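Enquirer: Take a look at the letters that make up each chain.
4 protein chains.
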Amino acid sequence: MAPSTPRLVVPVDLKKKPWEQTLPLHNRWHPGIPPVAEIKVREVFRVEMVDWTGGMIKDNDSAIDVKTIDLSSVHYLSGPIRVLDEEGNPAQPGDLLAVEICNLGPLPGDEWGFTASFDRENGGGFLTDHFPCATKAIWYFEGIFAYSPQIPGVRFPGLTHPGIVGTAPSRDLLNIWNDREREVEENGLKQLKLCEVLHSRPLANLPSTKGCHLGKIQKGTPEWEKIANEAARTIPGRENGGNCDIKNLSRGSKVYLPVFIEGANLSTGDMHFSQGDGEIAFCGAIEMSGFLELKCEIIKGGMKEYLTPMGPTPLHVNPIFEIGPVEPRFSEWLVFEGISVDESGRQHYLDASVAYKRAVLNAIDYLSKFGYSKEQMYLLLSCCPCEGRISGIVDSPNAVATLAVPTSIFDQDIRPKTKVPVGPRLVRTPDVLKCTYDGNLPITKNPSAMA
Amino acid sequence: MAPSTPRLVVPVDLKKKPWEQTLPLHNRWHPGIPPVAEIKVREVFRVEMVDWTGGMIKDNDSAIDVKTIDLSSVHYLSGPIRVLDEEGNPAQPGDLLAVEICNLGPLPGDEWGFTASFDRENGGGFLTDHFPCATKAIWYFEGIFAYSPQIPGVRFPGLTHPGIVGTAPSRDLLNIWNDREREVEENGLKQLKLCEVLHSRPLANLPSTKGCHLGKIQKGTPEWEKIANEAARTIPGRENGGNCDIKNLSRGSKVYLPVFIEGANLSTGDMHFSQGDGEIAFCGAIEMSGFLELKCEIIKGGMKEYLTPMGPTPLHVNPIFEIGPVEPRFSEWLVFEGISVDESGRQHYLDASVAYKRAVLNAIDYLSKFGYSKEQMYLLLSCCPCEGRISGIVDSPNAVATLAVPTSIFDQDIRPKTKVPVGPRLVRTPDVLKCTYDGNLPITKNPSAMA
Amino acid sequence: MAPSTPRLVVPVDLKKKPWEQTLPLHNRWHPGIPPVAEIKVREVFRVEMVDWTGGMIKDNDSAIDVKTIDLSSVHYLSGPIRVLDEEGNPAQPGDLLAVEICNLGPLPGDEWGFTASFDRENGGGFLTDHFPCATKAIWYFEGIFAYSPQIPGVRFPGLTHPGIVGTAPSRDLLNIWNDREREVEENGLKQLKLCEVLHSRPLANLPSTKGCHLGKIQKGTPEWEKIANEAARTIPGRENGGNCDIKNLSRGSKVYLPVFIEGANLSTGDMHFSQGDGEIAFCGAIEMSGFLELKCEIIKGGMKEYLTPMGPTPLHVNPIFEIGPVEPRFSEWLVFEGISVDESGRQHYLDASVAYKRAVLNAIDYLSKFGYSKEQMYLLLSCCPCEGRISGIVDSPNAVATLAVPTSIFDQDIRPKTKVPVGPRLVRTPDVLKCTYDGNLPITKNPSAMA
Amino acid sequence: MAPSTPRLVVPVDLKKKPWEQTLPLHNRWHPGIPPVAEIKVREVFRVEMVDWTGGMIKDNDSAIDVKTIDLSSVHYLSGPIRVLDEEGNPAQPGDLLAVEICNLGPLPGDEWGFTASFDRENGGGFLTDHFPCATKAIWYFEGIFAYSPQIPGVRFPGLTHPGIVGTAPSRDLLNIWNDREREVEENGLKQLKLCEVLHSRPLANLPSTKGCHLGKIQKGTPEWEKIANEAARTIPGRENGGNCDIKNLSRGSKVYLPVFIEGANLSTGDMHFSQGDGEIAFCGAIEMSGFLELKCEIIKGGMKEYLTPMGPTPLHVNPIFEIGPVEPRFSEWLVFEGISVDESGRQHYLDASVAYKRAVLNAIDYLSKFGYSKEQMYLLLSCCPCEGRISGIVDSPNAVATLAVPTSIFDQDIRPKTKVPVGPRLVRTPDVLKCTYDGNLPITKNPSAMA
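Chains as they are written, first to last, in numbering that gives the first Met the number 0: chain A, 0 to 450; chain B, 0 to 450; chain C, 0 to 450; chain D, 0 to 450.
What the hints contain is simulated information worked out from the structure, not anything from laboratory work.
Any given hint might turn out to be false.
To be verified - List time: in silico DSS-like cross-link candidates among lysine-lysine, alpha-carbon distance up to 25 angstroms:
#1 D/Lys368 - C/Lys303
#2 A/Lys303 - B/Lys368
#3 C/Lys303 - D/Lys416
#4 B/Lys368 - A/Lys299
#5 D/Lys368 - C/Lys39
#6 B/Lys303 - A/Lys373
#7 B/Lys299 - A/Lys368
#8 C/Lys416 - D/Lys294
#9 A/Lys303 - B/Lys373
#10 D/Lys39 - D/Lys294
#11 D/Lys416 - C/Lys299
#12 A/Lys299 - B/Lys416
#13 D/Lys39 - C/Lys416
#14 D/Lys416 - C/Lys294
#15 C/Lys57 - C/Lys373
Claimed, not checked - If you only want the chain B side, here are some residues facing chain D, beta carbon under 8 angstroms, derived:
#16 Arg328
#17 Ser330
#18 Trp332
#19 Ser407
All values reported here derive from a predicted model rather than from experimental measurement.
By construction, the Cβ of each residue, glycine as well, lies at the ideal position given by its N, Cα and C atoms.
Using the sequences and the hints given, assemble the complete structure.
Expert: Structure, rendered in structure tokens:
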């Protein structure tokens, strides 16, 4: 084996349930979830992972599994992994953990994924008020490319990345999370605008024993009960990284994560073959099982040196990312714009969420003119490598957001056509073009024409 | 003159005030503002424009001009330009106007620009609660590059674009605008969240005779009074395009604009040498005077064919854009993340504006560790070619936004450093590398080593 | 005028002949040609230039001007320009002159260019044995784009660059040039291979008073006679830079030129709107008049520090280049290969010139299947932004060269087609996709589905 | 197993010799080598391969294995693979075989490679007259990145590709090859220029039974003897593709290969983790074992439709390539130039090989100023993703070639430095920047500043 063959520190067996794995998976954030593996800085190691639902969605033509999914048990994460420095000492709170993604991909033998929108009453999505039904598309991979029988005429290279990379929170940070999310859950409706209420989506997902898996901690024990009632759900991205869904976090990228507890306790999961900015359908990437090959460095005291708390405590920080050198290259993009006026014509004040919703709706409507249903385009824009931008955020009252779609993912030209009457093309041919030599070219010695 | 030399259809003279120009400028949207020029499809024509303030901001070291600016008269636009098809018939409502940006740049002799943040009480900006003072940076151009004496150590190529390209609204569309913006202006405070009120920025900018310029319509006439009281301000982007501030709208791009009145009445202005996504400081691009070389096509009936109304009337549409083939190329980016938890630690529900604010604040704080003040970085992130993305918009309760900054615009390495102890580098040298020929190479006839 | 408005140090007037300009042009390399202008390091200055032929080729449909051109007087260069450091001292022999190309473009009012192949008996070209006739295509510019009435269906953005940037040679260097080129001119035929002789092109272009222009030195004076008989022709690129025809030397690029005489005496010319690698048709770029905006630095003693002589004297050096950040972006390329077997089937030994010739011939033949004549494609591949690569140079006996053509410059799909029988596309639709809500969505309070 | 899991059609076991594999490898081109596997169009299949030497070069610090290598047995190829259409009929002579590279990489457990230059008397290389000794560098992979203990301070992402993809020649084509290569081998010296003779490299590598492996054909049988004496060596690229060493032929690329015999008989091998244009050191890529995931289409009659013979017979054709959408992205390049004047100062006539040699020598010399030996840089430029271009091929007597090196592969800044005296940076700070609010911001209702 080559010195650079990555050591497999977290294997998964897709024939087993997430909780039956040799190194059992977990689906909550909590400092008390014990590490299942240990790595040293500078070694390249391999982590395998199940898809975020742990196999609940099947490769078939029915979306009934999506409609009836139990969302209390997502996302299944691999880890935690305890990180040691070169002397074998664990990373310390206050350090910064640099995680390089050396390689990643689907698990061999499992080269497929799914994109789905949830039912309005069970999960929903960014456009659940427009697309209230559960839908599903299956994607098959041909190396770097994906195609779907449900959305024909489309094929694109994946910008594969893990949806979730995070460190374990400290108890203090966990308390901050639970407090602020409880607040929005309990009092949120009052402050919410109508259009958001219509989503009828959960405002937050508070700790719950239902569906909870805590790795090596045995279900039903008092310790399990205690932690399950405290541990944060994995849905939102937070100070520890977590479910950031940054679609450019692919091969060669680096994540700088704050360390909150000794050993850092790195967890990862939710592998995406590809995702559009925003992951709008919620189950919106091409979700799959997969593997990561990672390399870590510890920047001692790096939290203080590089991160500035953005809130009342030193824990209110966010990770930093470096984008890698290898991404699919597209040269032509069609860009759809949205402003913060909602579908009823109502004006919102510099609301980028409303503007982005409008940009996405505009794109769906436009693309559906090329032989697709709107549901197909909702799923496609959720998972293809499209870019969602905040273009203007200061020009009261309208925020302007844009969605840029690479045109080459379609097998037809999707640009607006200027119907130029195509008559005979006027070609001007220089007279001299018609002259020809007789094929009997004399060999002249070095003519002095230019001298 | 070559057949392809663009015809100058709107000249400006920078020594004159905007309203003294031969073809006087306008700063409102209204169907009644008469065209100042006419062009035919397929001809390349040239439009010159003053900076968005019409020369109110000077090339000096004081920000007093920014602090005391009269914002009632922005933006000064060149046009309207009436668009004819090849037979000389004007574009019709319902058509789509394809405007290609063939070339653009600063006006010769005026190669400089400014970036500014307004005073909290006079204009404000995205981060006015953090940066309430008026500030200003002057940028000088060296061809495609810009540098600023106020922000040393930074130099970058511009992704030059017009902030505003738009067609004239119809009366119906104008009414829709005025109604919905009046609503937010009058009733907005009730629905606004605390953090937004703190901006103390205007919620909308309603029609006003103050500062109004209507091109060829003489100030003070009854016609002027009537139109001035109806005409929409140019601050927000809307259905007609307008102040979209899409920073990638550079050389070779195309804008597909809906046509609402006969002749389309195309206006343009607010040239930016460069801008970051969001243009966060409000006067946040590198603002300059400049020129555009444009070419138009009319797609007959294209509004109906390609745009789908996203609202109660057929007028609720948005333009489409195609990005051009020539952009500055950056291969390394540092990415800052924000989640929808505000600076007080309060949780907001999937609010991309809050998340983006946090991402920008994180970036400012981080970059200020490299020898800059936060004010300098606020201005820089407003005008350099940074990318603002909506990464996650479905993971309740946190929206995740990111801001990607190209690292090569700095003359120092701004990445977090893994302080690897640099001892003597262990180099393994193959023994044979040390062997050398004696310089007396025998000439052997075609050795059969490989045969 | 802004501090960064470039100072115009060499103007040209296109209505005058090259030798009638206020600052008369020159078309030879010689240390005795006196500077016409002086610049200081760090100032941005502007140089204007005529096209390389000084206006001999006209914008019309006849190639007779190409066929009968007097090549003894090309290329007309602007300069020399004497370069001073910040204290006003001239650059010294042994320094390295860093020349940044801040901006460049066609001269306003003259936005057109030409691509031509010369007659086999008067100039020829890389494929003159296949295309012995003079041909010409005229290109018109629409901002960054060029199109030609002679080659319809093609339009591309220019990667505009100067074909020639160089410093004046010292007397010693000039002697080296004249000696080695005389040697090849006099004795070359003996060593040449048959296929090269067939070119019947001049082997070298030795100094000649015919057509000679030496800037400020009056024609016919003894000084003029002396210099004209010594001065090197500008056709080949050499140690001083000169006619390098590096097509990526566009906006934002830097050239590091060796300084051979006091003041450096920088000259430039031969502006190309666009060129393919190799500039195969000889007059093969889109040749035009134009301007450069430049900025210089002097690296004291930089020749010794950075350049290593590759030959018997310290003067045998070559410039170094840095490519700029702004180039047209193409994502799809069709690549044609050539091996060093010539058209007669004869094997050559690792000959990259023969391999490249074959790659170009393959590309011409392939592209001519899409409605073009071979002459049209010869000219196109000479001037469009195609890339010529040396792919393999060690696999005896075949050198492998490739020519990559960006597919998007054509208005048709030029890729080989796999004729897949297009039956009805089998689309699998999940059952649940068919379910619909009745439009009467109940507003449920915060469903606990996920909790 | 997912429907898109590639079927493994040619496995290799690295513990076995190339000729001991279950499907034994071959190292010659001949129509009589029987297929070892069969595939159908549109299926994605997997081919594994040993490194080109079949394991002769080891992961250690001695170059003795390189110095004494037996080159008679390279390259070991996997295949031939017989290609069937959807009805099960084999591809026919005259068809075009489109081979898409869906994925590729090193073999799991064998993530390392080597770059070497051969001894002048045993293989040599492009610069063997400068670097006559055998040298070797070992590269270890960290996912997409490679680093070498022998060349520290360098790390780069691989543009991984197969050096060899080819179809079997027909007997007629084989005869053409053998005739023309015998001719150069026998008569070559007479026509060769001095500098090339000095290479003392074989001029061609004619068929030879020594080291010959023919897959399933038993060594020593009369059939083996016959074929071994006719079969072409794999060193040069030829009409069937073969050893093209096109470094951009990576994930997502397509090769269009002519079909010369029934079934096409596709073979592949010589996997490169990375290679520079030209592969100058001969064993110059990062050579490794690896796998390919391929998908084929047959374009019926495509040879006639798309390829034009460039020689006396219809067999004188070359493949076409399409470059894929995923390549490492570099934004900054340093470019070295060479002209066709050799190291002795002698002028060659438009010789691109000499010009490229000079460009490479210039680059080696320049880079060796940054703490490296020239041998290290010779190996590095052979395997890193540098681009070798033919910039000018018409400007008699000098061909101009360039070598562009991405600067970010080094951990130090390798650009020439303009030593600007760094005094205190003059920063102009606007007065108003100093004003601050007192932190007690009054909440004003919607100021009318802008209205």
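Enquirer: Measuring from the C-beta of B/Ser407 to each C-beta in chain D, is the shortest one below 8 angstroms?
Expert: 7 angstroms, holds
Enquirer: Against the 25 angstroms threshold, does the CA-CA distance of B/Lys303 and A/Lys373 hold or violate the hint?
Expert: With a Cα-Cα distance of about 17 angstroms, the restraint between B/Lys303 and A/Lys373 holds, given a limit of 25 angstroms.
Enquirer: If you draw a straight line from the CA of C/Lys416 to the CA of D/Lys294, is it 25 angstroms or shorter?
Expert: Judged against 25 angstroms, a Cα distance of about 15 angstroms means the pair holds.
Enquirer: Would the hint linking A/Lys303 and B/Lys373 be met if the CA-CA limit is 25 angstroms?
Expert: The hint holds at about 17 angstroms.
Enquirer: Given the hinted pair D/Lys416 and C/Lys299, is their alpha-carbon gap at most 25 angstroms?
Expert: 10 angstroms, holds
Enquirer: Just to be careful, I want the Cα atoms of D/Lys39 and D/Lys294 compared with a cutoff of 25 angstroms; is the pair within it?
Expert: It holds: about 9 angstroms lies between the C-alpha atoms, which stays within 25 angstroms.
Enquirer: Assess, step by step, whether the Cα of C/Lys303 is no farther than 25 angstroms from the Cα of D/Lys416, and give holds or violated.
Expert: Distance ~13 angstroms between C/Lys303 and D/Lys416 Cα, so the pair holds.
Enquirer: When you check the alpha-carbon spacing of B/Lys368 and A/Lys299, does it fall within 25 angstroms?
Expert: Holds, at roughly 17 angstroms.
Enquirer: Is the Cα-Cα distance between D/Lys368 and C/Lys39 25 angstroms or less?
Expert: 29 angstroms, violated
Enquirer: Please verify whether D/Lys368 and C/Lys303 have alpha carbons no more than 25 angstroms apart.
Expert: 11 angstroms, holds
Enquirer: Do the alpha carbons of A/Lys299 and B/Lys416 lie within 25 angstroms of each other, as the hint requires?
Expert: Roughly 10 angstroms separates the two Cα atoms, so the pair holds.
Enquirer: Please check whether B/Trp332 passes as an interface residue: C-beta within 8 angstroms of a C-beta belonging to chain D.
Expert: 11 angstroms, violated
The earlier numbered hints that this structure contradicts are 5 and 18.
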